[in-house]
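One-letter residues, chain by chain:
There are 6 protein chains.
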Amino acid sequence: MNKIEEFNAYRSRMNARILEDNNKIVKRIFNLDTNAFMEGALPKKTKELLGLGNSLVLRCDDCVKYHLEACSALNVNTDELVEAMSVSLLVGGTIMIPHLRKAYEYWDLLEAQKK
Amino acid sequence: MNKIEEFNAYRSRMNARILEDNNKIVKRIFNLDTNAFMEGALPKKTKELLGLGNSLVLRCDDCVKYHLEACSALNVNTDELVEAMSVSLLVGGTIMIPHLRKAYEYWDLLEAQKK
Amino acid sequence: MNKIEEFNAYRSRMNARILEDNNKIVKRIFNLDTNAFMEGALPKKTKELLGLGNSLVLRCDDCVKYHLEACSALNVNTDELVEAMSVSLLVGGTIMIPHLRKAYEYWDLLEAQKK
Amino acid sequence: MNKIEEFNAYRSRMNARILEDNNKIVKRIFNLDTNAFMEGALPKKTKELLGLGNSLVLRCDDCVKYHLEACSALNVNTDELVEAMSVSLLVGGTIMIPHLRKAYEYWDLLEAQKK
Amino acid sequence: MNKIEEFNAYRSRMNARILEDNNKIVKRIFNLDTNAFMEGALPKKTKELLGLGNSLVLRCDDCVKYHLEACSALNVNTDELVEAMSVSLLVGGTIMIPHLRKAYEYWDLLEAQKK
Amino acid sequence: MNKIEEFNAYRSRMNARILEDNNKIVKRIFNLDTNAFMEGALPKKTKELLGLGNSLVLRCDDCVKYHLEACSALNVNTDELVEAMSVSLLVGGTIMIPHLRKAYEYWDLLEAQKK
Numbered sequence: 001m002n003k004i005e006e007f008n009a010y011r012s013r014m015n016a017r018i019l020e021d022n023n024k025i026v027k028r029i030f031n032l033d034t035n036a037f038m039e040g041a042l043p044k045k046t047k048e049l050l051g052l053g054n055s056l057v058l059r060c061d062d063c064v065k066y067h068l069e070a071c072s073a074l075n076v077n078t079d080e081l082v083e084a085m086s087v088s089l090l091v092g093g094t095i096m097i098p099h100l101r102k103a104y105e106y107w108d109l110l111e112a113q114k115k
Numbered sequence: 001m002n003k004i005e006e007f008n009a010y011r012s013r014m015n016a017r018i019l020e021d022n023n024k025i026v027k028r029i030f031n032l033d034t035n036a037f038m039e040g041a042l043p044k045k046t047k048e049l050l051g052l053g054n055s056l057v058l059r060c061d062d063c064v065k066y067h068l069e070a071c072s073a074l075n076v077n078t079d080e081l082v083e084a085m086s087v088s089l090l091v092g093g094t095i096m097i098p099h100l101r102k103a104y105e106y107w108d109l110l111e112a113q114k115k
Numbered sequence: 001m002n003k004i005e006e007f008n009a010y011r012s013r014m015n016a017r018i019l020e021d022n023n024k025i026v027k028r029i030f031n032l033d034t035n036a037f038m039e040g041a042l043p044k045k046t047k048e049l050l051g052l053g054n055s056l057v058l059r060c061d062d063c064v065k066y067h068l069e070a071c072s073a074l075n076v077n078t079d080e081l082v083e084a085m086s087v088s089l090l091v092g093g094t095i096m097i098p099h100l101r102k103a104y105e106y107w108d109l110l111e112a113q114k115k
Numbered sequence: 001m002n003k004i005e006e007f008n009a010y011r012s013r014m015n016a017r018i019l020e021d022n023n024k025i026v027k028r029i030f031n032l033d034t035n036a037f038m039e040g041a042l043p044k045k046t047k048e049l050l051g052l053g054n055s056l057v058l059r060c061d062d063c064v065k066y067h068l069e070a071c072s073a074l075n076v077n078t079d080e081l082v083e084a085m086s087v088s089l090l091v092g093g094t095i096m097i098p099h100l101r102k103a104y105e106y107w108d109l110l111e112a113q114k115k
Numbered sequence: 001m002n003k004i005e006e007f008n009a010y011r012s013r014m015n016a017r018i019l020e021d022n023n024k025i026v027k028r029i030f031n032l033d034t035n036a037f038m039e040g041a042l043p044k045k046t047k048e049l050l051g052l053g054n055s056l057v058l059r060c061d062d063c064v065k066y067h068l069e070a071c072s073a074l075n076v077n078t079d080e081l082v083e084a085m086s087v088s089l090l091v092g093g094t095i096m097i098p099h100l101r102k103a104y105e106y107w108d109l110l111e112a113q114k115k
Numbered sequence: 001m002n003k004i005e006e007f008n009a010y011r012s013r014m015n016a017r018i019l020e021d022n023n024k025i026v027k028r029i030f031n032l033d034t035n036a037f038m039e040g041a042l043p044k045k046t047k048e049l050l051g052l053g054n055s056l057v058l059r060c061d062d063c064v065k066y067h068l069e070a071c072s073a074l075n076v077n078t079d080e081l082v083e084a085m086s087v088s089l090l091v092g093g094t095i096m097i098p099h100l101r102k103a104y105e106y107w108d109l110l111e112a113q114k115k
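Protein chains in written order, with this note's numbering: chain A, 1 to 115; chain B, 1 to 115; chain C, 1 to 115; chain D, 1 to 115; chain E, 1 to 115; chain F, 1 to 115.
I should point out that these hints are in silico values taken from the structure, not numbers from a laboratory.
Note that the Cβ used here is the ideal one computed from N, Cα and C, for glycine as well.
Be aware that a few hints might be false.
Straight-line distance between alpha carbons at most 25 Å, and here's what the computed DMTMM-like set of lysine to aspartate or glutamate pairs gives [what the hints assert, rightly or not]:
1. A/K3 <-> F/D21
2. D/K44 <-> C/E5
3. E/K45 <-> D/E39
4. B/K44 <-> B/E111
5. C/K115 <-> E/E20
6. A/K115 <-> F/D21
7. B/K27 <-> E/E20
8. A/K27 <-> A/D61
9. B/K44 <-> F/E111
Going by beta-carbon spacing under 10 Å, a handful of chain C positions derived as facing chain B [as the list claims (entries may be wrong)]:
10. R13
11. N22
12. A36
13. M38
14. K45
15. Y106
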């Protein structure tokens, strides 16, 4: 199992575990999470870039990976991605750098897998 | 002086004061701040929405105002704006709500002034 | 209008403004916010104290006020409140202190109004 | 050594190392940490849930584990725990989700070990 | 009453109010706060600059004011202060800027009062 | 490869990867990062302690490691280091503790390697 598969296996297994408990608040928020990134007044791609940027400045590496996967699936190219991440680097400062390293590493894995 | 003018007068006056001290790091970061939102691989509008979203989840009301002004100048419409902010609300949770209230208030002032 | 009325008037007016736009994500999260603090496996009072503690460490003064009002309405006494806030002070450090000052000030207003 | 033992072994070893240096501020804060969760105006269980909620929204996985152990020792049941965590999820937003996954995983280990 | 006096009057009044309740955790943390910045292995001035830098990146304007007063009392000069703040600006990113504006404004008041 | 070498190898490799993309904002911020800690109005040692303190309260373990290495290279002694970290512990609260554990562990490795 490569790093991408590992991340997704853990994510799926534990999300299923969390939803098992049937807490209404939890279930609805998980639900909204799939709804919020649908095509709307803004294109899907812009929304995923927003999700990525928000996750980066909040320094949530797993959230970043999740949005990187969606960006890759929507064919965001590396130039677009880097520009979005540069905004977060400027806004969030150099404490972003370790998170950028992980983001780049995951992005390269996603792009390599695509070929 | 209305609320928009007040915000900008204070902002300009104090930014000038900060730059007066000629600190290299400070000057370069202020400089980058105007560069990062230029047209590039991503359109200006997307970048400003990214700046807005990043500022919202980091809960910086003054940064939000700054990007709301840029969004308004770029003719982002209210539907687009609300969708961008809804992503930040979901990602950042209900502690976003007080910041949303201030953002909406400022947006309505900006839109009213436009007419 | 006293400080409590002022806070609530602004809050109600702007929440109504936000909900006017009919964004699905926003509406559902506002909805959940009233649902999450209902009696359940945990008593209402514990849940409001949790909401208060979460808001304090995240340093959201307006969220703190909101939960202080709910705590006051549920007859949380000052000893209970102070213990809950002392946990947040320890966990969140001395940057909590300015937020504690505002919380105490608002709590005293709420208690005075009760009499 | 299982994951629970590993976490506690590292924790104990490094805490001892930190206290070795005899810094007054550090020692007192470590001391307060054991005092703040004693029975008082609020029951121990409520205080541990507060510690858990605070740690979750501040996204400190190791702090979450620490309070999960205390909750488990105090016989907090899963329904109570999930309700407390659902408040933090709502207040803190979807960036809580990766931390919820880890919290659930650790909770299940604790509950399994209990039997 | 000028802005400096106003800040200190509110601070003193509310700190006294908080300590009135005699919560052990709260009292000890307030106590530590005066102890932590004493001369030690590091000079007082370095410690106050550390307090300032920590407060800036955590974006606590009132904490920043408090440490600016201490820095001013210890005759930190503007060059030293600006360098310390430039580190925080770089580490914390452009969301620091609104906090820098307030810090500069307060510093100028403190320096003017000194003459 | 020991833990220090591992950290630095990953850091160097991924920083090079990030800079490869030639994004202007990213390159300039990386550049500033080496400039900001130069001798100036404040001695290098004070600046590195500021970088360390800022990184600690922002809870960026990799940033902490980076500044610990610089502190070690500048012959900051353990007493000075512990005092600087105690300020961050007080300001940032007990959620600092897991980060202190990692910081101490890395510091001990650095000091052991020095001999």
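Comparing the hints with the structure gives:
1. A/K3 <-> F/D21: 23 Å, holds
2. D/K44 <-> C/E5: It is violated: about 35 Å lies between the C-alpha atoms, which goes past 25 Å.
3. E/K45 <-> D/E39: 40 Å, violated
4. B/K44 <-> B/E111: 19 Å, holds
5. C/K115 <-> E/E20: Holds: C/K115 and E/E20 sit about 21 Å apart, inside 25 Å.
6. A/K115 <-> F/D21: 20 Å, holds
7. B/K27 <-> E/E20: 46 Å, violated
8. A/K27 <-> A/D61: Roughly 22 Å separates the two Cα atoms, so the pair holds.
9. B/K44 <-> F/E111: Since the Cα atoms of B/K44 and F/E111 sit roughly 49 Å apart, the hinted pair is violated (cutoff 25 Å).
10. R13: Since the shortest Cβ distance to chain B is 9 Å, the answer is holds.
11. N22: 9 Å, holds
12. A36: Hint on C/A36: holds, closest Cβ of chain B at ~9 Å, below 10 Å.
13. M38: 15 Å, violated
14. K45: Cβ of C/K45 sits 19 Å from chain B, so the hint is violated.
15. Y106: Result: violated, 14 Å to nearest chain B Cβ.
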